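> If you want the building blocks of each chain, they are given just below.
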Amino acid sequence: MYEFEFKRPGTIADAVAAIGAEEAQLLGGGQTLLPTMKQRLAAPAVLVSLGGISEMQGVCTDDAGRICVGGGTTHAAVSAATAESYPALSHLAGHIGDPAVRNRGTIGGSLANNDPAACYPAAVLASGANVVTNTREIAADDFFEGMFTTALNDGEIITEVKFPVPVAASYQKFLQPASRFALTGVFVAKFAGAVRVAVTGASEDGVFRWSEAEAALSADFSPDAVDGLSVSADGMIADMHGSAAYRANLVKVLTKRAVSAC
Amino acid sequence: MTQVTMTVNGKSVSGSVEGRTLLSDFIREGLRLTGTHVGCDTSQCGACVVHVNGQPVKSCTMLAAEAEGADVKTIEGMANADGSLSTIQQAFQDHHGLQCGFCTPGMVMSASALLAENPTPSEAEVRAYLEGNICRCTGYHNIVKAIMAASGQDVAAVAAE
Chain E
1 MYEFEFKRPG TIADAVAAIG AEEAQLLGGG QTLLPTMKQR LAAPAVLVSL
51 GGISEMQGVC TDDAGRICVG GGTTHAAVSA ATAESYPALS HLAGHIGDPA
101 VRNRGTIGGS LANNDPAACY PAAVLASGAN VVTNTREIAA DDFFEGMFTT
151 ALNDGEIITE VKFPVPVAAS YQKFLQPASR FALTGVFVAK FAGAVRVAVT
201 GASEDGVFRW SEAEAALSAD FSPDAVDGLS VSADGMIADM HGSAAYRANL
251 VKVLTKRAVS AC
Chain V
1 MTQVTMTVNG KSVSGSVEGR TLLSDFIREG LRLTGTHVGC DTSQCGACVV
51 HVNGQPVKSC TMLAAEAEGA DVKTIEGMAN ADGSLSTIQQ AFQDHHGLQC
101 GFCTPGMVMS ASALLAENPT PSEAEVRAYL EGNICRCTGY HNIVKAIMAA
151 SGQDVAAVAA E
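Heads up: the protein sequence lines correspond to chains E and V, in order.
Here the working numbering is used: the first residue of the first sequence is 1, the next is one more, and so on.
Here the working numbering is used: the first residue of the second sequence is 1, the next is one more, and so on.
Hints in this document: simulated from the structure, not taken from any laboratory.
All of these numbers come straight from a predicted model, not from anything done at the bench.
Where hints are given, some of them may not hold.
To be verified - Chain V residues, not near chain E, derived (Cβ > 10 Å throughout):
| no. | residue |
| --- | --- |
| 1 | Thr7 |
| 2 | Ser12 |
| 3 | Arg28 |
| 4 | Gly30 |
| 5 | Leu33 |
| 6 | Thr42 |
| 7 | Asp71 |
| 8 | Leu98 |
| 9 | Gly101 |
| 10 | Leu114 |
| 11 | Cys137 |
| 12 | Tyr140 |
| 13 | Ala157 |
| 14 | Val158 |
Stated by the list, open to error - Here are the computed distance ranges between Cβ atoms for each label pair:
| no. | chain 1 | residue 1 | chain 2 | residue 2 | range |
| --- | --- | --- | --- | --- | --- |
| 15 | V | Gly139 | E | Thr36 | 30 to 38 Å |
| 16 | V | Gly139 | E | Ala215 | 45 to 53 Å |
| 17 | V | Ala124 | E | Ala139 | 34 to 42 Å |
| 18 | V | Gly152 | E | Ala215 | 50 to 58 Å |
| 19 | V | Cys137 | E | Ala219 | 49 to 57 Å |
Stated by the list, open to error - In silico contact screen, one side only, chain V against chain E (beta carbon under 8 Å); selected entries:
| no. | residue |
| --- | --- |
| 20 | Gly15 |
| 21 | Glu18 |
| 22 | Gly19 |
| 23 | Gln55 |
| 24 | Ser110 |
| 25 | Gly132 |
The beta carbon of each residue, even a glycine, is placed where N, CA and C say it ideally should be.
Could you build the full structure based on these sequences and the hints that come with them?
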């Protein structure tokens, strides 16, 4: 990779100051960014590591009962901390990549990148979580804007993610075994008043909510409730691992499995 | 250039690194600890796994500067104090858990992290934990068997038979 100036601030305030530099880039756990820089697909002049900011680490519960995950918390740490409080989230975080990747990769890095096959966006969107940055709080429905695109402004830092905890939830990931990303993944979250269904790995626009299934499952929370629905293959990802129609079918299959597992 | 100081295999070391210097490069070129292997350099193969503050990480996908102040352990730090092989290393030898040996440093580092976390893993748990460690020779059976044996479990029924 090309040389850059490395900075490792100890506070969010210092990171905000450092990211103001020309051609500066934030570094979370680096499990996507460093390989990208090795391929010279990214070449920042200044790399600002968020790994030394202790105020962005850890998991706690707020007064509203939401699980608050620091933006710099690794997948392994999220999985360990939420095993009892939010098992579906714990399971998702505990199956991203492999153990070594989970010890470096962070929730903030994953969300800021918004890879169309990443797992975390499905959890955030299905849970109706809020993404907290150094300047504002963004609802999940407003955060994801398409493949590798989010509502974040240049230099805006994800400091925390606040997850409401559903009554029941399940994430079903159809693994692409070489990359360990989701070929398609569906997160179903059942709340007292409504059901949310978020799909990753399938659409060319990145993570999305399957609203027809949400309506059907809100009326009847059973796998059979989505039998009459169909998912269009239009706009679905097609590659050597699966056609658009294959992914569209997976959305329905995985939704049923997720409901069964709730 | 940035000055970094860290503990590697119990000894304090320091060196001058560029921002882009990978931890694997610092370990291999800076410290001449060439037991840590770089197989793919794309975060896939796991031959470069070392422990940073007790946790396995891919040292080709971490900057040396990020390990400032960290406690790092490499394959060179795995043997017993008297130089004899550790239980896991000996089990790899006893159960023929390697052929060419290139992936072995990463396998041993991942195995030791697994057993620290889960002292008696099932065969499925061992295989799941090795998702990020690729071996092109063995077909994994004897690696899994070695790790099961190192955990003190009976391996007579493990798949390699």
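> So is Ala157(V) really clear of chain E, every C-beta pair being over 10 Å apart?
The claim stands: Ala157(V) keeps its Cβ more than 10 Å from every Cβ of chain E (closest is about 25 Å).
> Is the interface hint for Gln55(V) satisfied, with its Cβ closer than 8 Å to some Cβ of chain E?
With a closest approach of 4 Å, the Gln55(V) hint holds.
> Could you see if the CB distance from Ala124(V) to Ala139(E) stays within 34 to 42 Å?
Taking Cβ atoms as reference, Ala124(V) and Ala139(E) lie about 39 Å apart, which means the hint holds.
> At 10 Å, judged by beta carbons, does Gly101(V) keep clear of chain E as stated?
20 Å, holds
> If I take the minimum Cβ distance from Thr7(V) to any residue of chain E, is it greater than 10 Å?
17 Å, holds
> Given Glu18(V) was flagged as interface, is its beta-carbon under 8 Å from a beta-carbon of chain E?
6 Å, holds
> Would you check whether Ser110(V) satisfies its interface hint, that is, whether its CB is within less than 8 Å of any CB in chain E?
Holds. Min distance 7 Å.
> Does the Cβ pair Gly139(V), Ala215(E) satisfy 45 to 53 Å?
Once the Cβ atoms are compared, 48 Å apart, the range 45 to 53 Å for Ala215(E) and Gly139(V) holds.
> Please check whether the beta-carbon of Gly30(V) is more than 10 Å away from every beta-carbon in chain E.
16 Å, holds
> Would Cys137(V) pass as off the interface with chain E, using Cβ distances and a cut of 10 Å?
Its Cβ never comes within 10 Å of chain E, the nearest being 19 Å, so this holds.
> Just to be careful: measuring from the Cβ of Gly132(V) to every Cβ in chain E, is the smallest value less than 8 Å?
3 Å, holds
> Using 8 Å as the Cβ threshold, decide whether Gly15(V) counts as touching chain E.
14 Å, violated
In terms of the numbered hints stated before, the structure departs from hints 6, 10, 20, listed from lowest to highest.
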